[in-house]
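Participant: Going down the list, the sequences are from chains A and B. Each residue of the first sequence is one higher than the one before, starting from 11 at the first, in my numbering. Each residue of the second sequence is one higher than the one before, starting from 2 at the first, in my numbering.
Honestly, the hints are just simulated from the structure, not real lab data. Note that this is a predicted model, so its numbers are computed, not measured. Don't be surprised by glycine CBs; every beta carbon is placed ideally from N, CA and C.
Heads up, incomplete: computed chain B residues facing chain A, CB under 8 angstroms, no partners named:
(1) Ala21
(2) Leu241
(3) Ile278
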Amino acid sequence: MSSARARALHRRRRVVNLLGLGAATLATLFGLVWLVWILGTTLWNGAGAFDAKLFTEMTPPPGEAGGLLNAIVGSAIIIALGIAFGTPVGVMAGTHLAEYAHGTALAEVIRFVNDILLSAPSIVIGLFVYALVVQPTGHFSGWAGGVALALVMLPVVVRTSDETMRLVPATLREAALALGAPKWRMIVRVVWPAARTGIVTGILLGIARISGETAPLLFTALNNQYWTVNPANPMANIPVVIFQFALSPYDQWHSLAWAGALLMTLVVLVLSVGARAALRRRG
Amino acid sequence: MSATTQQTLPPPARRRSRGAAGDTGFRVLAGTAALLVLILLGATAAAMFWGGLPALRAFGWHFFVGVEWDPVAKRFAALVPIYGTLVTSAIAMLIAVPVSFGIAVFLTEVAPTWVRGPVAAAIELLAGVPSIIYGMWGLFVFVPFMADYVDPFLDAALGPLPVIGALFSGPPMGIGMLTAGIILAIMVIPFVSAVMRDVFTLVPPSLRESAFALGATRWEVVRGVVLPYTRTAVVGGIFLGLGRALGETMAVTFVLGNAHDFSISLLAPGNSIAAAIANEFTEADSDIYRQSLIALGFLLFVVTFVVLAAAKLMLLRMARREGT
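Only chain B is shown next, with the shape it has when bound in the complex (with noise of 0.2 angstroms):
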């Protein structure tokens, strides 16, 4: 019995063993693959650290808050496009919020349900423009919109008034951090409408239903019983948005207009982080200017990887719960 069982094992023996050969490598394959978005990670932020070292050697702390930024004399300090990066932010996330919040609700409580569809289809729709569509449209259309109507309005209404009025004092020239705000606040209000949208549906049916049993209208659900249950992954979304605004590229490129003399006034030309690499990195002619492009590309990862790294454990709370 024994020696029958011995001379018929070898050709399974052979198959298991080539195909443990097979498994190893197909394992050690989606290992490396793996591993690769890890280091990918930390190579980019190890590049940028590297690159823009020299630059931070050179100019220490007055780097991030200086503001002379002069190619020909090889200084370099860089508060304006660190300004203009966190002011354009700002307004976006200013309007966005509100904005994405009132589509979330519309899509969740007021739209009819065959409304609900398309309409959502819509919104997702402005994710998927390019960002340099938005940059064209923006310089060519929104520009001269702002410096037609917007701006003189703003500067003749807010500009006299005491401590505001120098934020919207100056000549009506349509490019500046206002217009850049609001294209990013176009741009960003699809993700943070998505999230809030997807986490509003996520609220147990049984609680809106006790409430409305309560008599309790839908504005009243919504602010008593959905957007305190929602409330952290809401946050997380805000951030999502935020993270996505701080590090847009082309669509701010086209309509700040790529100034580096420091103004108050959001009429003003102004510059971020991201469009002054996209504008100046190819130009850049000495190694100090390089360094400092790359030094500023380095803080602009750490500062969207602290934003987005926040907005996913909020959401992830936000998704644990669900799961327990």
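Extracted from the complex, chain A is given alone in its bound form (with noise of 0.2 angstroms):
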């Protein structure tokens, strides 16, 4: 090879080089530019909308001034609930993978089968939820959302548990074994523990993940223009008051819309990236 064609194939060599890892470069602002984009919207429109109102005052009816008050106590009520159905039934599912479990092939296809559900669109599981409790029931119900949320939750904490309970050493579960504890009492006193942290933070990012859902709630908790804490009822809630609204023709609609989605997105926000933080430091 002469040596003009080695300099040129080196030259387009280094071209090519740089104009590889220029476009990872681009992608990575154009990425970025969305981030500054949605989160610079959402703080900007909500903001201005955001006063003490927010929290003394009913959804209003269409086209005059109001609060989100029912709608945040219904998020909260219907959030709760998802959190006392989910957590324990997932805690255990993990306790039962990590501890009992482990090798098995049935172990496996749980977790495979969980992993799944982790990414299963939401809005089937509100249809699922619908069939489940909304029809025998004959009507939308705080309840039906909390089972709906419960069951968008359990994938997460499930998985999460799983995994730091058999992040804790062998040695500590033989050393409690070796003392004479049941199984039960050296999961109890010694495992749960021990991962207390990263099921913690699971608890929370799956709380992070109920907290902006919006589709499982549309047909099971529905909403409800005026107060209530009976879970019997339909329940208003910040998603699907922020739906409903945000397509409405009324401007007062759009900015309580706008509101409730800055308040949402402030504690989804603040939940994920705390929990994610707690988890590194860990690690």
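Two chains, two frames, some hints: make the complex.
Facilitator: In structure tokens:
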């Protein structure tokens, strides 16, 4: 190969390298632009509509000013129900996978299915809970919303608690068993405390996930323009109120939807960023 | 000797039996909870299947290939939402795959170490933003942007062309499958790029260093060593993103326009399976209407299950190779 051709080849390879890496950098900037644009818009429009009335007044009829009090309380109740149903089942399922079924084929199948449920479309969960709870009881309710959110949260909790319990050193378990502790006491008194940070992080990530979910609530909790703390009734909640208000033609409703969007985004991001930070510090 | 043993034994024996009872109870509780995960999947599939079966019986195969969606005449065929789901997901993957690959390359090859953490966290933040926020932002900010700048440009530049012109012609309304596809792309980018970045870091340093030692440029190392080594898992990550895009509801519901007229143009209002369910389920006023929507839900569930299972299998293959 002549030296001129070698130089040309060398230059071509360097140019391709720069183009490729430059494109990668541009792709990253492309991703970050959307983040800034979306969060910036939410912050700007939401902050403009943020005031004390948000937390003291009910959702208004069309074209009037008001707040989101019933939706905030409703969301809190439905999320609390989701946590109450989802957390114990999730932690126990994770315990089974990590402590009892470790290495069995069934555990692998359950992990596989759980990982699929983690990404499954949440609107299908909504339809399922509609068939499971709403149809038999004959009406939409906060209970149904809580069940739907529990089902969305479950895979998150199962996965993190399984993973963190498997990280607990076997020597700790052996020490407890050697002292004569029954296996369940060993799990409750030794494994759970040792894996506490991870389990709590998983629960926080699950809460973050369900705090932002809308689709499973559309046909379960529905909405309610009046005050209620009874989960047997249809319940107002932030995501469905945002959905309804944003698609309406009224300006007051739009600004309330933005305020709700900002509130929800703050809660979700603080929870998920905090949980991830805790997990990372531990890792 | 044996007598004294007999006398001292009872207390520990009773303790052990109480412990055994607790053990059995705890074990059964944990096992039931774990089985519930399997039951959840099975029950969801079964409920969707039985719920949608009457619609599938009534309309047969025509349900999947026809375009009429007429609640008044109670005739339902779902090609428009099915087509919308496929097209918006395809647009999303066309954008998200190269961008996610670029982000993963940037985070593993280009960026200085101190930049990697914050940038990765920022991209991760995109995954944390609730999907209804994407939908609202899409409706109030991105749709007007598309209508004012992008749609007219595409219509003028590509509309007159033969064949593909049909995809880009129409009034510049901003809502439509192109807008929905772009928003879906933004939503799946963090998932796909996180998988790609994670598997890129699994490439053994000795392999990369050998290539560098032979004089390869960074880009050549990515193309010639990193990508071939991680190919299966990269495709798995793409499928994971696809599974998310197919089932995403709120973000696309806001910007698709909920139209049931078939239109080939990406700039015209359309629909998707998830958006049709979200928009119409609570307003469905006849059993067959509701059953048709549930049948669509069943279809969506089956398709996303297959896609996500394929993704998981590909990622497991990579993990297993790492383990050995």
